[in-house]
Every structure is written in structure tokens, then in C-alpha cells.
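Novice: Quick mapping for you: the protein sequence lines, in order, are chains A and B.
Heads up: the first sequence runs through residues 194 to 420, numbered per the working numbering.
Heads up: the second sequence runs through residues 194 to 420, numbered per the working numbering.
Treat the hints as calculated values from the structure; they're not laboratory data.
This one's a predicted model, so the numbers in the text were calculated from it and none came from an experiment.
Among these hints, one or two may not hold up.
One copy or any two copies: either way a pair holds, since identical chains are not told apart in the list.
What the hints assert, rightly or not - Cut-off 25 Å, straight-line C-alpha distance, at most; resulting in silico cross-link-like pairs (DSS-like, lysine-lysine):
1. 353 - 213
2. 257 - 353
3. 230 - 257
4. 230 - 353
2 protein chains.
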Amino acid sequence: MKRISGAVIRRLPRYYRQLKEMEREGIQRTSSLALGKRMGLTASQIRQDFNNFGGFGQQGFGYKVSELRAELAGILGVGEGLCYRFVIIGAGNMGRALGRYSPFSQEGYQLMGVFDNTPERIGQNIEGVPVMPMEQLVEFVRQNDIDIAVLTVPAAAAQKVADTLAQTGIRGIWNFAPVDLVVPETITVESIHLTDSLMTLTYRLRQQSEETGDAEPGAPRPVNKKS
Amino acid sequence: MKRISGAVIRRLPRYYRQLKEMEREGIQRTSSLALGKRMGLTASQIRQDFNNFGGFGQQGFGYKVSELRAELAGILGVGEGLCYRFVIIGAGNMGRALGRYSPFSQEGYQLMGVFDNTPERIGQNIEGVPVMPMEQLVEFVRQNDIDIAVLTVPAAAAQKVADTLAQTGIRGIWNFAPVDLVVPETITVESIHLTDSLMTLTYRLRQQSEETGDAEPGAPRPVNKKS
Chain A
194 MKRISGAVIR RLPRYYRQLK EMEREGIQRT SSLALGKRMG LTASQIRQDF NNFGGFGQQG
254 FGYKVSELRA ELAGILGVGE GLCYRFVIIG AGNMGRALGR YSPFSQEGYQ LMGVFDNTPE
314 RIGQNIEGVP VMPMEQLVEF VRQNDIDIAV LTVPAAAAQK VADTLAQTGI RGIWNFAPVD
374 LVVPETITVE SIHLTDSLMT LTYRLRQQSE ETGDAEPGAP RPVNKKS
Chain B
194 MKRISGAVIR RLPRYYRQLK EMEREGIQRT SSLALGKRMG LTASQIRQDF NNFGGFGQQG
254 FGYKVSELRA ELAGILGVGE GLCYRFVIIG AGNMGRALGR YSPFSQEGYQ LMGVFDNTPE
314 RIGQNIEGVP VMPMEQLVEF VRQNDIDIAV LTVPAAAAQK VADTLAQTGI RGIWNFAPVD
374 LVVPETITVE SIHLTDSLMT LTYRLRQQSE ETGDAEPGAP RPVNKKS
């Protein structure tokens, strides 16, 4: 398959999500125009994206929602018979929340183990999966054919954990630590940077106030920090 | 200030984060090249980004880390004296994890209230902030000058909550629900789509296996779905 641009790859799950939503709503047929309206994209943008994969549907006839969803599931590698095994490293609030996030298991992502080095957390259960000590990570990942490690450790520990993971032969890291990880080429990293995202929102809010002349958020407020 | 592209805006918090990291490491001076190495960007990319804001530092002399960090804080609207007020809507696992995520308060984001419509959750405390019933949301947001609502409700409820929020005059929504929200122009939405991100990672893993000839993740594994 030819190299697809990152922007297109990022839109694939959005298409898939929209089509599942349409199926739930009982919508059977759609068009590039209708799909675009729901997603804030133009019809030609959508056709262009789909052409990367040889195109779907028939010009002028639109798409059958269930068929298009199945095509996208195939491209994304999710759906029937497919299952990815992941571990969570860091059993804090975020790690526990992700371990309990039901859409993952619904899409075939299976939580296999949770790791932490805080003694009180060892042996706790998250969705029936035990929290194990970090020393067992390397062997566990090797023996259980784990696809993805989800990193929810503090910033200061993240690179060290990534270095440890590099020894296991794992190929995917889903990183929630606010750190740009350095990993060997064999590992693919996808990051969720929460604070970056929140700051981007704040920046956009302030820009908008500047344009509209509204009071700037944040600025003249008494600080009352919790810590 | 001139319109800055979305890609540049998204890099601002990353620069800010790297510079804070460098300060912690005791690094006092840096260059576009050194900063770029840490972030996987070229020096000229970085200079171009900074030129959007009039440029920092002096050609050939690099940057003083503390000064550059302060400049970026000013642009992002974070740091001393600035404070943003947010509420969390949805006191499930993800809502609670975000309420307890300490980097937010460290950057001046203050949790003011949590809302839910599950009776057992009402009255619970998250970092000293009470969970209140949804009926109180509109009045609370209006009376407490809330800047940002964090949405961690299920997909099916998200649009309805966004519609309710539109009545409050709030200007920012940080959306964690797997839904593309439709909101009036006065509201800025920034979304974290967890499943999209995980699927993007999976897609990239499978692409990589195709290129290297390794076994495809996911494919031949027995499915053992939970739930």
C-alpha cells in the first residue's frame, strides 16, 4: 500500500466513528457531502481521502453506510476477529481511568496487565487485571505478545520506562506523559499531551477575545491556586 | 496579532514544555538546533515558528532558556497571575482522573465544580470540589465566570450537554467525548479523541509490519474480548 499522509491517517478513525454513529442513528446511505457536513470537511476533501485507498462507492451514488464502515474497519485493522493486547504502565488516576475505558475493549483492545512501582498499588485490580511490579514488565511483555504499552507515568519517569520497553521488542507506545520520548525506530509512539491540548484551547480562547473585544479569559482574575 | 496557523499554535505548548524541562535540567542557553533535536524539528522550522511572534533571541547567539520560556508563557497566557476556571462535566473515571491531574493546577487551571447526573455521585468530592447535579450547571457557570468546561460524558450525552453549555455564555469546551460537537461560533472546542488516537497508533503499527515483513499485530490472535 502506498504511503498515506499523517493528516489522512488521523482522519480515518474519525470517519469510522461517524459511520458507526450513523449506523446507530439508522442512516443507511450517505454521501461525501453529508458526511462532510457532519465532520466539518468538504465533499472533495473526503473523496480525496478515500481515493488514497482506491475510493469507495460509486460516483454519484454515494455510499452504503455499513459497507463504508466495514471498509474503514478493514483499513484501520479493527473489528471482527482482530484483537490488540495492551498493558498500562502507571496505575495512578489516569492509568486506572484508561484501564476502565470501555470503548477500548469494544473495539478489540484487550488490557492484559498493569504495572507500577508504588508498593500499595501492587496487587490491586483494574477491571480484573492485577497491578504488577515494574520488575516484571519486560518478561510479561515478551511472554504475552503485547502490542501496545500505554504510558501513564510521571514525566520524570517516562523516558526510563520507554528505554526499558525498548528491550522487550514491543512495537507501540501510547504515551500520556508530558514528554517527547526518544525511542528506537522499531517503536511507534503516539502521544496524548493533555496539558498541551488544554493550553492550545486557552490560546485560542484568548485570540478569540482579542478579535471580539471581549474580556480576555485568565487575565484580570485573582489567582487562587490549589497546588 | 496576525493569524497564526493551527500547526504553529499546536507547537507552542510543546516548546513551552521543552523549555521548562531544560530549566529543570539546569540548561541555561539553547539554540534552534538544540531545541529542534529534542523535539524532532529542524532549526529553520523553529526559527520560522518564532518569527510569527516577531522572533526571539539574537541571530547567532541562541536563546536564554528562562527568557524564551517566559516569552512563550506570555504568548500562551499561562504563568504568574493568570488563572483559568474550569468545570468538569461527567464524574466518571476519566472526569475524576482529570480533576486530580496536578499539572493543570500547576499551570493555573483551577477546578471550580464537577457535574454529573448519577445520584450516587452527587456530593462526592474530587480534590475538595463537590460533584453537583446537572440542573445546577447553567447557573453555576454563569455565576462563577467559568472559562472552560471539560466534557467527559458518554458519547450519547455529549451534544446535549454542549447545547446546554451554549446557554451559559461559556467560551471554551475541552471535549473528551468521542463526538464531533456542533456549537455556536462563540464557543471554541478542543477535543481529545482517545479511541481515534489509539486507532491511529494501531494503523501505524500495522503499516510498519507490512514494510518490515514482521507479523501483523492484531491479525492472527484469538479474540478474547472482555465485557
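Novice: Now tell me, hint by hint, if it's right for this structure.
Specialist: So, going through the hints one by one against the coordinates:
no.: 1; hint: 353 - 213; result: between (39 Å within a copy, 19 Å between copies)
no.: 2; hint: 257 - 353; result: neither (48 Å within a copy, 28 Å between copies)
no.: 3; hint: 230 - 257; result: within (17 Å within a copy, 47 Å between copies)
no.: 4; hint: 230 - 353; result: between (44 Å within a copy, 19 Å between copies)
Comparing the model with each earlier hint shows a violation of hint 2 alone; every other hint is respected.
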